[in-house]
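**Q** Throw the hints in and build the complete structure from the sequences for me.
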Amino acid sequence: MQLSIIQDWKQLDDLAVEWNDLLACCSASHVPFLRHEYLSAWWRNLGGGEWNQAGLYTIVARQDDDQLVGIAPLFFGENGDGIRALRLLGSVEISDYLDFIVRQSEIPVFMDALFEHLANDQSFENNQLLDWQILDLFNLPETSPTLLCLKSASEKRGWEFSQQQLQPCPYIPLPVDWEIYLSGIDKKQRHEIRRKMRRAEEYPMPVRWYIVENEAALEAEMEDFFSLMAQDPDKGRFLTKAMRQQLQDIAHAAFQSGWLQLAFLEAEGEKAAGYMNFDFAGHIWVYNSGLNFDFRELSPGWVLLGNLLKWAIENHRESVDFMRGGEDYKYRFGGIDRHVVRATIKRRRS
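Just so we're aligned: 292 in the working numbering is position 292 of the sequence shown, and the numbers increase by one with no gaps anywhere.
Keep in mind that the hints were calculated from the coordinates and are not lab data. Just to be clear, a hint being listed does not mean it is correct.
Heads up, simulated DSSO-like pairs for lysine-lysine below, C-alpha to C-alpha not over 30 Å straight-line [stated by the list, open to error]: (1) Lys156 - Lys187; (2) Lys346 - Lys310; (3) Lys151 - Lys346; (4) Lys271 - Lys188; (5) Lys196 - Lys151; (6) Lys310 - Lys156; (7) Lys10 - Lys241; (8) Lys235 - Lys310; (9) Lys196 - Lys271; (10) Lys196 - Lys346; (11) Lys310 - Lys188; (12) Lys271 - Lys241; (13) Lys10 - Lys187.
Cβ pair distances, simulated, as ranges [claimed, not checked]: (14) Gly77 - Lys188: 44 to 50 Å; (15) Gln7 - Arg198: 56 to 62 Å; (16) Lys235 - Gln7: 30 to 36 Å; (17) Lys188 - Gly258: 36 to 42 Å; (18) Met205 - Asp232: 21 to 27 Å.
Backbone N, C-alpha and C define an ideal beta-carbon position, used for all residues, glycine too.
**A** Quick look at the structure:
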């Protein structure tokens with residue numbers, strides 16, 4: 001296994017097809033946040049301003065036949081305590097699931113080779129990484145097979161490994177039929193979903209929902225989505241100029257690659273609710289949402305989500321993943337918990 005280091009994003013752009021092909025073979029990490037186009041948009045904006053400075057340090061592994069078998073999509077910089085850290089591209093706030101991209105059969109060998117490289121100071125001569133101190137890896141799925149290999153590779157070198165459970169990520173496995181789905185959730189919630197969707201059908205104003213299909217309209221539709229988000233004061237503060245640009249870039253990248261699901265509920269032509277989701281690899285990933293509080297009596301968020309769930313079932317999606325956060329509505333719709341974790345590896349020099 002041969003490792004090479006990439007510190008120029010143009011070189012990573014040249015790997016886009018191979019990168020995504022490898023990701024598609026890695027079931028544990030086959031998530032939209034690790035697609036090349038997503039991380040390219042993230043890198044251009046550094047997480048919507050989450051990072052002021054960052055240095056690319058991505059490590060790729062190939063077999064002797066030049067086949068790409070592993071990617072450690074890393075960057076480096078100082079954390080809030082002034083400690084030089086290596087992190088996964090996409091960290092931390094706006095990318096719900098992150099991981100290494102490795103063929104499952106190659107994970108132990110890849111991790112050993114990666115840690116051998118990271119342990120060797122000569123690897124970093126004339127490089128800012130000479131004094132790196134920690135690998136700080138957020139938002140790894142708790143079921144990721146890389147976690148055990150990270151722990152094993154750390155202990156082999158006498159480095160300190162720790163793992164911390166972070167947010168719950170509720171998801172709904174989808175059955176083959178809408179009525180079967182409804183029958184599987186709490187009776188009271190089943191009644192509420194039906195009642196609110198029926199009330200929308202009987203609403204005195206015309207009500208419709210749709211998924212954006214025209215990229216020429218996407219920028220304006222995203223601005224409308226931001227307006228809905230901003231009605232929540234916390235989301236309004238989140239939507240800085242840099243973050244708006246970040247989300248616009250992600251939306252365009254996802255649309256062009258065929259996995260954006262930007263959906264709105266309208267009442268008499270006025271947007272009442274919006275969801276920005278990813279329709280990727282047979283699953284719906286619920287990324288963000290916004291509500292027009294002038295339409296509270298319509299329960300637009302519930303109505304739109306109900307329609308999106310029904311659409312997902314009718315279009316044979318496997319699950320709806322609400323991703324990070326334990327908001328109550330996720331469980332009312334039948335969400336089942338799983339979690340992401342933070343893995344921290346502290347280097348010790350001999």
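**Q** To test your reading of the hints: which numbers does this structure violate?
**A** Hints 1, 2, 5, 6, 10, 13 not satisfied by this model.
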